[in-house]
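*Asks:* From just these sequences and the hints, can you work out the full model?
Listed below, chain by chain, are the residues.
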Amino acid sequence: MDRTLIVGMGNPYLRDDAVGVRLAAFLRQELGEAPGLRYVEECSAGGLEVLDLVAGHDRLVLLDSIRAGGPAGSWYRFDGRALRETMNLRNVHDTNLATALELGRRVGLRIPAEREVHVFAVEVEDNLTFDERMTEALEGRFPEYASEICGEVASLLGAKSRREKS
Amino acid sequence: MSRRISIDPITRLEGHGKIEIFLDDQGAVEDCYFQIPELRGFERFVVGRPIEELPRIVTRICGVCPASHHLAGAKAVDGCFGDEVPPLAHKLREMYYNAHYIHSHIAHFYALAAPDFILGPDADPAVRNILGVVAKVGLEIGGKVIKARAQAQEIQQIIGGRTTHLVWCLPGGVSKGLKPEELEKIKPMVGELYDFTQFSLKLFREAVLGNPGYVELILNGPYTLQVQNMGLVDENDAPNFYHGKVRVVDCEGKEICKYAPREYADHVAEHVEPWTYLKFPYLKKRGWNGFVEGVDSSLYTATPLARLNVADRMATPRAQEAFEEMFKTLGKKPCQALLACHWARLVEMVQNAETLQRYCADPEITGDAYRVVPKQITGEGVGIVEAMRGTLTHHYTCDPKGICTSANLIVGTTNNNAPIHMVTRKAAASLIKPGVEPTQGILNMIEMAFRAFDPCYSCATHSLPGQMPLEVRIHKNGALYREFRRRC
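Each protein sequence line maps, in turn, to chains A and B. Anchor point for the first sequence: position 20 equals 35 in the numbering used here, and the numbering is continuous, going up by one each time. Anchor point for the second sequence: position 253 equals 293 in the numbering used here, and the numbering is continuous, going up by one each time.
Hints were generated in silico from the structure; no laboratory data involved. No experiment lies behind these values; they were computed from the predicted model shown. Worth double-checking, as some hints may not be accurate.
Stated by the list, open to error - Within a straight-line C-alpha distance of at most 16 Å, the following computed EDC-like cross-link-like pairs (lysine to aspartate or glutamate) qualify: (1) B:227 <-> B:352; (2) B:187 <-> A:67; (3) B:184 <-> A:67; (4) B:415 <-> B:124; (5) B:285 <-> B:352; (6) B:216 <-> B:134.
*Replies:* Structure representation (structure tokens):
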């Protein structure tokens, strides 16, 4: 059986950085549990720690925030191949995600292929202020982009959302 | 007219370090600043929160060493409630923390330090990473690294219930104990981790000590700094990462002071410079003497190497052997060759593994006396642990209702702020020569100066794509003369 991991990346106390965590909770509610499907609603780790989490799965769905210059609440979808150009980067404490996953593949762990790493990133307005609430711009558009992303993930999984089921 | 080179490694949105190098007319380094242009604010916004919440809040300071903040915070909160903590709670916390240390040290050594030594400081940036290391030393070793990290992580999960952002410590102890069946699950992993520490030392001997060029770089490169050393020690003056007294030993080996956590403000003060948000701690009784080296300097390092420099011995037998071998090879103790921090991490890992073995054999470790509910609020506590990056101090006060009224944090990297600044300047001055454009290799060797400290400037919790661009700007005659970016 194929195993899928859905991860909400972010810090729930860092205003819009929480959007990935919020989305993961939304997806769990909408798509529900299924055999081979695992949710990690809050992941505040990177690099090798994500590798520990991802090992043993065939498909990875990452829900995250991004600052790419677009309007708050717009979102982007890309796969693991888009991370390849940054594979040789590293931060001061760890490897980056692409490097960590590639390391896992090379040593023979069960790691999703690049085309099975699906990243959904929502453009945010403020991810530098400590606050448990997202900005109004992101909160206001949440139902819209969360539903859109949920639809994409449901297609990936071949699943129906709670709304579709009813 | 001088010119300026900026090395601007943007590690994460929340954490950002920058190096500014100023060159004189001849192109020699005139000055160098290691700047942290960000402001945090945790000390301010925890005021007004129930004091028992703080250990759970401060884990968010850092996604890399959250357990260090959690434990230092827990100890400070214990103090606010009268310091009634059962011995078993301390044992469990220490057990957890030793697994956390191994987990962190593996990442630093294999992912960050090893590329510089196993592939070489001037290796192509495209391969100077953990994938390059694994390609060179073999996939089998890569598998061992991943497995050891995962085991250290699982031990933390079993003991504390969570890994990254703990909610385990409570005033007066911990929220859960260790069941006998959990202990049985941990035991074989601890055995394997011990073997992994021995394997890592062997790899270091072969890959680093077996290369005379690297030994020369460690001992005589531009990475030595004659300042004092700080670290937490037990009653036998052996390193302890969870509790004990802070010992400060000068660069010639003489003890300057040894203080209990509650006395920290008598011994450490913080200097402020207008060009960075990060403060510069110094030995208070010596006063701020500026960025100067020497046995009389009031500056100190708090690093893995500093912890071994202040220790008379290690707390466990195999770690003692590794300790003796290290200082014998280095030729002196204390040793101020900062690149030896990487070796010191491996020695510490041996003690971490042996400490875990000791607790696995402790018949009391699965007991149920892991918490006492506090009966009083005494209003003030100081918790000190050794974060992997240096001595970590949390000092809290609260009112009679247990509401936080103040918090002061001196984190590991803050202790090392002045030395990082100084050694970066030293490395830049040594490596950047007049008339010679800095190469990628030279820039990496400057980075190696501060990488030895494993500095932590970030509360970042995730990184996608996790980039560390390096921006170099050269200013000449008051104008931008050349600019290039490295995506390392």
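*Asks:* Determine for every hint whether it applies to the structure shown.
*Replies:* Status of the hints after comparison with the structure:
A distance of roughly 29 Å separates the Cα atoms of residue 227 of chain B and residue 352 of chain B; the hinted pair therefore is violated under the 16 Å criterion. Taken as a hint, the residue 187 of chain B and residue 67 of chain A pair is honoured in the structure, with Cα atoms around 9 Å apart against an allowance of 16 Å. A distance of roughly 13 Å separates the Cα atoms of residue 184 of chain B and residue 67 of chain A; the hinted pair therefore holds under the 16 Å criterion. Restraint check for residue 415 of chain B and residue 124 of chain B: satisfied, since their Cα atoms lie roughly 9 Å apart, inside the 16 Å limit.
Proximity of residue 285 of chain B to residue 352 of chain B is assessed by CA-CA distance (about 14 Å); at most 16 Å being required, the pair is judged to hold. Of the supplied pair hints, the one linking residue 216 of chain B and residue 134 of chain B holds, its CA atoms being roughly 14 Å apart against a limit of 16 Å.
Figure legend: structure checked against the earlier numbered hints; the only hint not met is number 1.
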